[in-house]
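Asks: What follows is the residue order along each chain.
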Amino acid sequence: MHEFRFEAVKMPPAAEQLRREVRAFLAEEAGRGGFQPARNSWNTYDPEFSRKCGARGWIGMRWPKQYGGHEKSALERYVVTEEMLAGGAPVGAHWVADRQSGHQILRYGSERARRELLPKIAAGTCFFAIGMSEPDSGSDLAAVRTRGVKVDGGWKLSGTKVWTSNAHRAHYKITLARTAPKQEDRHAGMTQFIIDLSKPGVTVRPIHNLYGGHDFNQVIYDDYFVPDDLVLGEVGSGWKMVTGELAFERSGPDRFLSTYRLLVESIRALGTSPGDRAAAEVGRFVAHLAALRRMSTSIAGMLEKGAQPIVEAALVKDVGTSFEREVPEVFRQLLPTEPTLGHGETYGELLGMTVLRAPGFTIRGGTREILRGMIARGLGLR
Amino acid sequence: MSAIQESAASGMQQDLLKTIDRVAEAHCPKAARESAEAGEWPAALWRELDNVGLVRAALPESAGGPGLDFGDAMVALRRTAYHALPVPLAETMIAGRMLLAAGLDVPEGALTVTADGKRVPWGAQCAHVVVIGDDDVGLAEEPEVKLVEKNLAGEPRVQLGIAKSKRKRFPGARERLLLEGALLRSVQMSGALERALAYALGYANERVQFGRPIGKFQAVQHMLALLAGQAAAASAIADAAVEASAQAPDEFTIAAAKARVGEAAGKGAEIAHQVHGAMGFTREHNLHYVTRRLWSWRDEFGNEAHWQMRLGRMVAAKGADALWPMLTGN
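Line order of the protein sequences matches chains A and B.
Per the working numbering, the first sequence starts with residue 1, numbered consecutively.
Per the working numbering, the second sequence starts with residue 1001, numbered consecutively.
No lab work stands behind these hints: they were computed from the structure.
A virtual CB, placed ideally from N, CA and C, is assigned to each residue, including glycine.
Errors might be hidden in some of the hints.
Here are some of the chain A residues that sit facing chain B, going by a computed Cβ distance under 7 Å [stated by the list, open to error]:
1. E3
2. F4
3. G154
4. D223
5. T272
6. R284
7. R372
8. L379
The shape of chain A in the complex, shown without the other chains:
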C-alpha cells in the first residue's frame, strides 16, 4: 500500500507574525533599491543582505541559542524561507549554510566547530559551499576519489571537486571524501569534512556557466590539512549524513519557486482580464503551486517531528522542478517576447534569464533521473 499523505500543518500565530515582518522588511529593502525582485534567484549572492537577515534572526532559526540560533520551529523557518523566495530576495550567500551545512554541523560537528561556526553563520557573516560532485562522480556519489589520509591530529585531503557553487566567495565548504578503500558496500568508508577555504592547500578555479555567469568552481585539494575537530560525525559515516541532508535540501520551497518571479511578472503583463487561454494557463500554474506548497509545508511539519521523509522530499523536488521548467515555456508563447540576455530589467530579460537557468533546475541537488530512482525505491521497486 503506497499512500502518500501530506497532512495539513497549521501555521502557528508566531509564524504568521513573522510572515508579516519579513514582508515588511522586503518591501522596505526593495523600496529603497536594496534589491530588485525580478533580478534575483536563490543563488543571487549578496553578503550585505545576508548580514541584515542575520541581524533580524532569520538565519539558523532552529538552532539552540547557545550556538547563536533562535530555537524557532521548522514552520517558522519555512515561512521566512518561502517569503524570501516569493519576494525575490537575494538570499544566495547564506542559503546553503542555513539550509543544510549549519544543520549538519549542529548534528554531527565537534563542540569547537559548533561554537566557532554556528554563531557566525547565524549572524549572516559566514557562508558555506557543498562539495560532493567530482569529475568522475556526479550522480554516482559513491565513486568519489578525493581521499582523506589519517595523519597526526587530523587528515590530509587530496582530490578535485567540481560544480562547487560559490567556493570562490564562501568561507567554508563541507566536502565528502573517501577515507577507506571501496568495499562490498560501496557507500561505506566515506567521511564529511569541514574545509576552511582560507587555509593553504586548496585552490579554487572558476567554471563559467552557459550564460557566462560564475557560480560554479573547480576546487582542488593538495595535501590539505583538516584538524580532527573539523571532521563531521564518525569517520566512515559520510554517506548516511549526505542522504539525511537531502530531505532538507529537496523538499523546500526553493524546489518550486525558482520561476515564481517570472510567473508574477507574466500575470502582470497579461493584465486584469486575460483571454481564455491565458487565464487557463495561469490557473493551471496556480493550481500546481497550491498543491506543491501543500506538499512542501507538510514535509516541514514531518521534519519538525523528527521524521525523515526522503521519498516525499524527492517527490516534491521532481514534481516541483518540472513545474518550474514549464513556466517559461508557456509564457514565452502567451506573451510573445524575444528573450534577451540581461539581468531581468525588462520582461524579455527576465524571460531570457529564466530560460537560460532552467536546465539547472532539474539537475542541481540530484537529477530528475536520480530522484525518480529514489522514488521507485520508496515504492518498493528496487
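The hints should help you fit chain B onto chain A, whose structure is shown.
Replies: Just chain B now, with coordinates in the frame of chain A:
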C-alpha cells in the same frame, strides 16, 4: 451503534478505512460491479453501506449523521472511490449537504442532485432527486425518466423531466452545487488514483519479461515515479480543499483541486495503463474500474479548463502581487 459511529467516537481513521475495505471485499465482487453496470441497482452493497453508517457520513449528528467530521467523511469517500464502489454515495453526500445548507431536512435513502435535469447521476434509481435552481433548493416530485445514458464507468447518467418540485430559497445555490460537486469529485479522483498506482505497482512487481519483473527496468520505474508524483499532488491538494471547506466551500482551493486532480487523473491513468500493457486493456483486469471513473469524473462539475480559467481570472482580477497572499492564505 454503526461501525462508522464507533470509529467516529474513537477517532480512529484506520478503523474507518478497514470498515470500508471489509464492505468492498464482502459486498462488491466483480459480479456486483458488472450487474451494476448493466443497470441493476446494487441493493446489497448499498444496504451494507447504510448499515455501517456511511450513507449519512457527511451529515452532522444533528441531521442524522454518524458524528464524523467532514474531513473524516471525505477520507471515507476517498476509500470508496479507491474500491470503485458502483454507488451514488458522493451524490447522496452532495445532495444532503445542499439540503442541509438550505435549511431543509435530509430524507433517508440514496439521493442525487441536479441543476438542469441532464445527465443526472443515478437519476432513475435514487430515492429522491434534489433540484437546484440559481437561488433555490428543493425536492423533485415525481421526476420522469426520459433517457438513461451512462458515463464511461457505466454509472447511470439520466435525463429527467422535472415538472414539479417544492423549493426553498437559497441564494447562490447553483454555484454552491458546482463547488460541492467539484470538491467531492476531486476527493474521489484522488482515491481512484491511489488505486491505479497500487495496481500498477503490483503488476510491475509480478509481471516478468526478459527474465525479470518489469518493475526492475529503469524506464518502467521512472513511469511509476511520475504516477506517484501525480497521485501525491492530487491527494495533497484534495486534502487541502477539504480542510478549507469544512464550514463552507472554499472557491480558490476547490478550483485548484479540481484543476490539479483532473490533470493528474488523465496523466496518471495513462501511465497506469501503459505499465499494465495489454492486460490492463481487458475487462478481466480490474484496473479499468478506477481509470474509467477517472476519465468520467474529471469532466463532471467542470473540467480542468473550466477551473483553470476561473482560477486564472480570480488571480488576474486581484493582480499579480495578490497571488502570494492568496496562496499562503494571508
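Asks: Provide an ascending list of the numbers of those earlier hints which the structure does not satisfy.
Replies: 3 and 4
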